[in-house]
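Engineer: Chains as they are written, first to last, in my numbering: chain A, 290 to 972; chain B, 290 to 972.
Since the list can't tell identical chains apart, any single copy or any two copies may satisfy a pair.
Dumping the calculated DMTMM-like pairs for lysine to aspartate or glutamate here, alpha-carbon to alpha-carbon at most 25 Å:
id : residue 1 : residue 2
1  : Lys-646   : Glu-611
2  : Lys-445   : Glu-509
3  : Lys-380   : Asp-751
4  : Lys-603   : Glu-728
5  : Lys-434   : Asp-835
6  : Lys-528   : Asp-957
7  : Lys-617   : Glu-645
8  : Lys-636   : Glu-621
9  : Lys-646   : Asp-558
10 : Lys-512   : Asp-964
11 : Lys-853   : Asp-807
12 : Lys-747   : Asp-385
13 : Lys-599   : Asp-655
14 : Lys-512   : Asp-391
15 : Lys-958   : Asp-391
16 : Lys-578   : Glu-728
17 : Lys-578   : Asp-751
18 : Lys-521   : Glu-395
19 : Lys-434   : Asp-410
20 : Lys-378   : Asp-589
21 : Lys-747   : Glu-588
22 : Lys-397   : Asp-472
23 : Lys-445   : Glu-417
24 : Lys-434   : Glu-417
25 : Lys-578   : Glu-379
It should be emphasised that the hints constitute simulated quantities derived from the structure, not laboratory data. For clarity, every value in this text was computed on a predicted model and none was experimentally measured.
Number of protein chains: 2
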Amino acid sequence: MKSRLAVALAALFATSTALADEGMWTYDNFPSAAVEKKYGARIDGAWLDRVRQSTVRLAGCTASFVSGEGLILTNHHCIAACLAENSNKEKSLLEDGFVARDRDAEIKCPTQVADVLVAMDNVTTKVEAATRGLDDRAANDARKKTLTELEQGCEKTTGNKCQSVALYNGGQYFLYQYKRYTDIRLVFAPEAGIAAFGGDPDNFQFPRWCLDMGLLRAYENGKPVQPAQHLKMKFAGPKAGEFVLVSGHPGSTDRLLTVAQLQQLRESDLPPALLRSNELRGRYIQFAKTSDSARRIVEDPLTGLENGIKVRRKQLDALLDENMMAQKRREETELRARVRADKELAKMGDPWAEIEKANAIARNLDLELGYLEGGAGFNSRYFRYARTLLRGTAEREKANTERLREYTDAALPRIRQQLAAPTPIYPELEKLTLSFGFERMREWLGPDHPTVRQLLSKDSPDTLAESLVSKTKLNDPAVRLALWSGGAAAVAASDDPFVQLARSIDAEARALRKRYEDEVEAPISAAEEKIARARFKLYGTAVYPDATFTLRLNYGTVQGWVEKGRPVEPFTRLETAFARATGQPPFRIPDSWQRVRDSLDMQVPVNLSTTSDIVGGNSGSPLLDARGDVVGLMFDGNIHSISGAYWFDTAKNRAIAVHPAIMREALDKVYGAKDLLRELGGS
Amino acid sequence: MKSRLAVALAALFATSTALADEGMWTYDNFPSAAVEKKYGARIDGAWLDRVRQSTVRLAGCTASFVSGEGLILTNHHCIAACLAENSNKEKSLLEDGFVARDRDAEIKCPTQVADVLVAMDNVTTKVEAATRGLDDRAANDARKKTLTELEQGCEKTTGNKCQSVALYNGGQYFLYQYKRYTDIRLVFAPEAGIAAFGGDPDNFQFPRWCLDMGLLRAYENGKPVQPAQHLKMKFAGPKAGEFVLVSGHPGSTDRLLTVAQLQQLRESDLPPALLRSNELRGRYIQFAKTSDSARRIVEDPLTGLENGIKVRRKQLDALLDENMMAQKRREETELRARVRADKELAKMGDPWAEIEKANAIARNLDLELGYLEGGAGFNSRYFRYARTLLRGTAEREKANTERLREYTDAALPRIRQQLAAPTPIYPELEKLTLSFGFERMREWLGPDHPTVRQLLSKDSPDTLAESLVSKTKLNDPAVRLALWSGGAAAVAASDDPFVQLARSIDAEARALRKRYEDEVEAPISAAEEKIARARFKLYGTAVYPDATFTLRLNYGTVQGWVEKGRPVEPFTRLETAFARATGQPPFRIPDSWQRVRDSLDMQVPVNLSTTSDIVGGNSGSPLLDARGDVVGLMFDGNIHSISGAYWFDTAKNRAIAVHPAIMREALDKVYGAKDLLRELGGS
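Isolated chain A (complex conformation):
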């Protein structure tokens, strides 16, 4: 039986793993043998250890150590928060860029942390033991409790940051240990005009011309960190067709979802989210036209929003693509038939039907949950502070394992860091997003929903937002920290309008969340675990797990593709960027470049495309050659890469990197950052 299955398996995955360079592999399960056979490259244990220890995780992004003195290379768009936090209404580092002329000029990123993965422990058997024999709801609670205990024990023992990780939708559980750096400083950022040349219109497009790079430095005890390992830049970059790898943290994929789950995304989740985001986009854009300072303060949130819109829109297109859905149906039908035919597996019942049942409940809860517990209704940084203060101080009084997961002991230092950070908050923007949230809450929940009536009985969305924002004191880090230190009693005594607002809806919001966890999350987790076990029994680890913002390694080649019958070359050159510039944002090349235009090598490669299987979260990942040297800096995918959320389209899915040669050209000739270039080994 086993060998027949293996044959069938080989056939089933022939197109995906054997032929295509597909897969976001964990470091403990990288297909080195297959790679060596196909490309002759030896990716051995030492190679993996070195690259793993050089790879850095940022909030939502990847980066890498590129010098022995803690220099970190990542994307410009990955340090946007740091740039925005060091900007104000009058001066935007996003727009203007930043070059630290020496170490003293490096400025702190108030909320940035940087993690390096130092150990991975498989704890699947411990989780299984804790949940065995329990019903869905109890198992869901027990699983969370066990993982919290494991994290807590690990942090105590090692002093590292410990995080539990579910792989294969619950088929495996791991405990990952990170060395965490919390003093991260800004070293270099080009202007947004060249970092994101082409802006939203060119986002997820290729050919492309973006210097989407930024440099940070990790400090410890006031001194630059000397990392255990770092990568070497290879400024010449790779050749067309060359074998390359990407080390990084792909954020999230949904390739193992059932067909019913994909349909839920297509019909219930993506469309309303897109409608909301598009209206907010319109509000941001129109707001930006009211003044220069309005334009500056809205730039960072607008960029993020537009990126999200493009992703979701193309995800929706992918889910409406009958070819893909037909393949998903075939695969699922096949798997379900195998499960039924397997005496042992057949006992697990029909997890696919269980998911559909839970989905039906989700469809009834989603709207209220999104508005009252999610971010759709109270769309405000003040509100998020208030909720964090209210819930954090309340949860802190409970046993660690009994808390909402975002308030476990492990999470508290980061919360404190964020409350303490003197990040600018713009009242005009708060009013805009709050009013928008209230107005849509009223539209989607209806004017007669109890919470809506409570909020808007005498107010309009605008007057309520105005009143809240004008009266709060939560823009002051000292006020936030006093409440945080004062604990539940201090928060209960607060008459800050946002604290009052968070309090007034807390019971209802928590109840919704609990219902969702019990009636949707728990049965879906249980069903997904069953499907994952079936997959393991039938296919083993010859497949890779969905992305979970944990460290992965993938491989591919430098390649273009064929678009509507026409080949797209894998490299772009600087001269085309100048030819394409209109003089108006987002197609305006900054003055710093215009000034030295004549001295620039117009043939220098700017961006390149590869077949690497990456996704959001991989931004800032080093593109590596077979030796493990940096031959590029991943920053985007082409438009077809967005369907990578659900499957890997070998023919068209391409990743996009900044070429190292343009980094050298820019640091040298445009920004005169000779010391940095020297530190990078570039001169």
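Using the hints provided, position chain B relative to the given structure of chain A.
Structural biologist: Only chain B this time, still in chain A's reference frame:
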């Protein structure tokens, strides 16, 4: 064979026509016998003639003559254009309302016309004769030419407005004759605050409290018209459960579309339209916050936009409803099987497959067509004027039957009226919508699309919009009329930037349209005609045609429904409106009502719901009792009514009317319009 088919037919439509009061019936095919059997009401020829001659068609709406002196009753939202055209930045008739104290105070609606249907001729055989034996493309051209000729001949002979009408998706062709009134004046409008109490949040909701009424008067030769027939108001209104009818012009339904066409709507048409509209909504709303005058000038377009968003959003929901789609699939499978089983019909091949083929072409053309030929790209009144001038003067030089259909001789007087009308245009709003259109054109067609490159090679969307709007002279009716009179030569000599813009993209836009007509419209028309012929052969006219903004009559009863297990009563009362008011728009009751609050009868019914099968275009339709007296004024449907585009959901689809009692209360006590009330027979 025939009798067996009749039996099958009865079974097939048992749930739709026999049990449900469903159907938008043409006046020549109203099921009077069935109605008499079920309700005992006699809807005979005299009844039909009287009501038909009293029913008025406005642009996009319905109305009715309600006095012997040309008084016309319709919705407030149907006269919004007239109110906006008589407003300016400082003063909004939409917001403030209007009461003409005497005939002299009645003010002209510059672009309004009012049509009354006076004759209907079946010309199906003429069209069939003209297209017989031709291929799809030639048949499409021949059909258009024949219909233009018929219209032209009819107008010459009768002096009436003649329009061809396709019923049953091309199963029947008619020539409709209208008596047209072009001097329409504004008599009465309440404030938007009470006409649309609850605004967008309450739109398509019930219970509801809106005085969505307005009064116009038709003039001829400077004197009020004495219409051939008019309706009598019955201010007491109908009883719960009472048999009622609606006469009006439902705009458009898609109940006869094939499953492939419905899927096309769901996947390719609705989502991008919704995304665009939602962003524009955000831009409008944010713009409205910049000043009082901005709020005033954006109110009318925003209301229309939000209405469209709600409609499309719920249409999308309906199309994602598997129950409905399953029924559509069953019906189609049944029909296709019957066609295959019928020797004669089987010869027509597979029109369903032909539609799918044409749809695939449409998916490739839609985007460019929408941006360059449709309204998505050049979203501006100035541009529309410019295109009308450019194309109208060019087309006028061709033979009538060779022109684009919107420029036939029959259309020219209306074009001239619109060019001549001194309607206010707000440059700020023009810039907003133009910039939005350019920005999205660049996003969706890409920065490298030739037209996008041509437009934005040195400009941003904002700078281009600014430059166009600041330089145009098309805001002056005299300038527009001079170009119109001057003809193609004058237009060719014009250096107005909008005329230049329209000219620069005209060849490309026309070519796209031609391709669309030949490769999409033509085969779909041909296929739809085949399906329509099959339906006729199998089912006869026991079914009703899709809505086409032509006169229809339907019947039903005054009824609420059951919402999530709870009954919704069919009448609302004034006291609940006051209880629900928040003091903030859109839940603010105007001062005029607050001032006389104590004198008002709080038990007076405000709105009511019926089972009438209506759709957009029926707005302003009289709700009639069995005698043909006005017992309500249709203005909306409940949220479930939006799925009426595709099917009639008997259990939940409800129409909403203004109750005549609140009209009397308002005219009498709030607006002191005693003369009007007397003219309406109300005192």
